[in-house]
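Undergrad: Chain A is fixed; fit chains B and C onto it per the hints.
Protein chains in written order, with my numbering: chain A, 1 to 362; chain B, 1001 to 1151; chain C, 2001 to 2203.
Since the hints were derived computationally from the structure, they do not count as laboratory data.
Cβ coordinates follow ideal geometry from the N, Cα and C atoms, glycine included.
Incorrect hints may appear among the rest.
With a straight-line Cα cutoff of 25 Å, these simulated DSS-like cross-link-like pairs (lysine-lysine) come out [to be verified]:
#, chain 1, residue 1, chain 2, residue 2
1, B, LYS1073, B, LYS1008
2, C, LYS2123, C, LYS2171
3, A, LYS44, B, LYS1073
4, A, LYS44, B, LYS1113
5, B, LYS1008, C, LYS2020
6, C, LYS2010, C, LYS2044
7, C, LYS2019, C, LYS2006
8, B, LYS1008, C, LYS2019
9, A, LYS25, B, LYS1080
10, C, LYS2185, C, LYS2163
11, C, LYS2176, C, LYS2123
12, B, LYS1150, B, LYS1113
13, B, LYS1113, B, LYS1080
14, B, LYS1073, A, LYS25
15, C, LYS2163, C, LYS2176
16, C, LYS2171, C, LYS2066
17, A, LYS338, A, LYS25
18, C, LYS2066, C, LYS2176
19, B, LYS1144, C, LYS2019
20, C, LYS2044, C, LYS2066
21, C, LYS2020, C, LYS2010
Simulated coverage check for chain C against chain A, where a stretch passes if three residues somewhere in it have a Cβ under 8 Å from a Cβ of chain A [claimed, not checked]:
#, segment
22, 2031-2037
23, 2072-2084
24, 2107-2121
25, 2185-2192
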Amino acid sequence: MKRTVDVSIPVGPIHPCWKEPARVKCETKGEFVLSAEVELGYMKKGIERIMRGRPWQEVMFLAERVCGICSVIHNMVFIEALEGISSIPVPERAALLRVIVNELDRMQSHILANFSYCYTIEHETLAMYLLDVREKVMDELERITGARVTCAYIVPGGVRFDLRHEDALRLRANLAAIEDEIIRYTGMFENGPMIALRSKRIGILTKEDAREACAVGPTARASGMPESDRRLYHPTYQKLGFVPVSREEGDNFARIMMRFQEILQSIALIRRCLDTLPEGPVRGGGIPGAGEIAYSGEAPRGELSYFIRTDAAGRIVDIAIQTPSIMNIEACCHYMLKGVASLADVPSTFVSSDPCIACTER
Amino acid sequence: MSLLQRVKNFVRSRSIHVAYVDVGSCNGCDIEVLACLSPRYDIEQYGIYVHNNPREADILLVIGAFTPGWEDKLRSVWDKIPEPKAAIAIGNCPISGCLYNRPHTLIDPPVAKHIPIAAQVPGCPPRPTEILSAVLAVAPVVFKDFEVKKR
Amino acid sequence: MALSLKYYLKEIFRIEWLKKFLFARTAPLGTPTYFRNFPELTGKTCTHALFCMMACPAPGAIEVIKTPEGWQPRIHIGHCIRCGLCVEACPNGVLSSGRILESMFYDNTALSFSFRIDVDTDKCMGCGNCAVACPVNKLIDAQMSFGGRASTDELLLMVSAGKCRAVHVEKCTGCKTCEDNCPNKAISVTRLLEAIHCPEEDL
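With the rest of the complex left out, here is chain A (with noise of 0.2 Å):
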């Protein structure tokens, strides 16, 4: 069938809007847009084959900067796929600790994410008061691992450094404070009339498309498939009770309503660990040996999976990283951005489904 088609707008891969370099080219009739496809390959740096060879103290490293924005799951699901290959214990202290770190970075992770709507969409009040709120959970994650964004916390056999009883202190205080800060932040999300108008019934992703499209994380359960969290799988979360929570409208609004509750669910659930955590070594040592393994983690943006393979040594063999936001921009393109009504809610769409394109293309 023939299209008509009046111009075809590429958006990027410099665009004062993105943080990252992706250009999306959007065939448009008018204002409206027909369809959209996504043209990466900016970011390229063969991580994989960088990795092979190693012992898991460079890998380790290489694996958190596969996207900066997010390193703590991308270490902690290495070293996990690592600790399952030679069935290397984990104290508890520890374990609890790995799930502190990585819903502080995810907090952190999602109220970037919303930031960057709420400055596309031009709410720029509302997009500092976030960021704000973002220095203070930076402020956590540096107290416990000594560094803002590529931690360098979590080691085969347990973490780096223990939680002090004067940071865990802290850090309930600060959490009350964080908490009280997003719950008025996401009412004034909530309840603002431009922001319904910008967001509200735009980029709808249904739940059929999301299935097909194998969308992953805050995109997925904002269309309603809560079992796309695999934190469900994961047996500290499962000891500490986690129940993911999911909408069902598809559209901008509910993307990122999403990602307030789920960074409200994130401080429930690390008081949660506060609460019992027990004393005890942070380290059991160990170290890698051969084997592989194939090992999913829920990053911020779904689901992250690793397939690792060693020699007797520890060195990784073969290594394979699935990212979540290639999904995610696949839906984003193929099903958002399908007839969204003007040219202008483009990059607010893209932006909405929290873009990795570091991760991406690794």
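TA: The following block gives chains B and C in isolation, referenced to the frame of chain A:
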């Protein structure tokens, strides 16, 4: 020094427009540049305005370890910035290639091979305060009496 | 009306407010004590164990250099990623970086190295280059560096029955000299890093 030059110096010291371009990093430095915008660091009180339009920018923040996809594009971005201009390399990646500078990698560091770099901020990633002080330190050196120096 | 306008103007054009608006600048914030900054020397004596260089994940970030005062690690800024592995791996506490990494002294956590030597018996042709080049062998038996004839069984690497064999692996220091001197790439040394915690042990 003419009066016009003095006015230019004053204006340029109070209004620095910054664009950033990511040429293949892990995103860690991107979000540290974004964190500079936050009310805590408040980059705009120094007159620094971050946006992503090279045609309006004075300072280009280069982030990342130069992937092949940027072979000619970075140069063209640099050419679009009006004079006076300066480029600052943020993070280890544009300086040395950081962890990616291994055998079989696709990157081609340092970025100084491709465009002139005025300052470097080491760290993986650098703290927002370090980025902020680098921009503040470079701006007067590059922009003060630009027309006089050019002559 | 006129009064309120005057009141407004007075409120807006307060001198201190204008000064704040035009000239107020806070100095860039400082670095908190718990941040892992670039490692600094503490002044303790370096014993040239080179564990910092072995643990370092960044290429070309740390070197141990001979100075008039003795061996000294040197951090190359621009390559260092501030991970702090060198601080943890150092057995003598030569480096320090922030409060977080001081926790290894009161928590008794450490990164310990062990080494593993693999000889590919299909490739090894028993030339003995590795055993002659090995600096540990030279220390144990000085004769090794001349004739390559062993006088004792306490050696790290030995050639027996036409194949190289690692006899006492626990003596290996992980220098990889044997790997560099092997003409067939038959020998490989792996540096195994283990994160350990021993709270019951006293310092």
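Undergrad: Taking 8 Å as the C-beta cutoff, is the stated coverage of the segment 2031-2037 of chain C by chain A satisfied by three or more residues?
TA: The restraint on the segment 2031-2037 of chain C holds, since 4 of its residues have a Cβ under 8 Å from chain A and three suffice.
Undergrad: LYS1008 of chain B and LYS2019 of chain C: Cα distance at most 25 Å?
TA: holds (21 Å)
Undergrad: Please work out if LYS2020 of chain C and LYS2010 of chain C have their alpha carbons no farther apart than 25 Å.
TA: Between LYS2020 of chain C and LYS2010 of chain C the Cα gap is close to 16 Å, so the pair holds against 25 Å.
Undergrad: Would you check the hint for LYS2044 of chain C and LYS2066 of chain C, treating anything up to 25 Å between C-alpha atoms as holding?
TA: holds (15 Å)
Undergrad: Has the given pair, LYS338 of chain A with LYS25 of chain A, been kept, meaning a C-alpha gap of at most 25 Å?
TA: Distance ~12 Å between LYS338 of chain A and LYS25 of chain A Cα, so the pair holds.
Undergrad: Do three or more residues of the segment 2107-2121 of chain C come closer than 8 Å to chain A, measuring C-beta to C-beta?
TA: holds (count 5)
Undergrad: Against the 25 Å threshold, does the CA-CA distance of LYS1144 of chain B and LYS2019 of chain C hold or violate the hint?
TA: holds (24 Å)
Undergrad: Starting from LYS2066 of chain C, check that the Cα of LYS2176 of chain C is at most 25 Å away, please.
TA: holds (20 Å)
Undergrad: Are 3 or more residues of the segment 2185-2192 of chain C near chain A, judged by a Cβ distance of less than 8 Å?
TA: Since three or more residues must qualify, the claim that chain A covers the segment 2185-2192 of chain C holds, with 4 doing so at under 8 Å.
Undergrad: Under the criterion that the straight-line Cα-Cα distance not exceed 25 Å, is the pair LYS1073 of chain B, LYS1008 of chain B satisfied?
TA: Violated. LYS1073 of chain B to LYS1008 of chain B sits at ~31 Å, over the 25 Å cutoff.
Undergrad: Is the Cα-Cα distance between LYS1150 of chain B and LYS1113 of chain B 25 Å or less?
TA: holds (23 Å)
Undergrad: Quickly compare the C-alpha distance for LYS25 of chain A and LYS1080 of chain B to 25 Å and report which way the hint goes.
TA: holds (22 Å)
In this structure, the earlier hints numbered 1 and 6 are contradicted, and the remaining ones agree with it.
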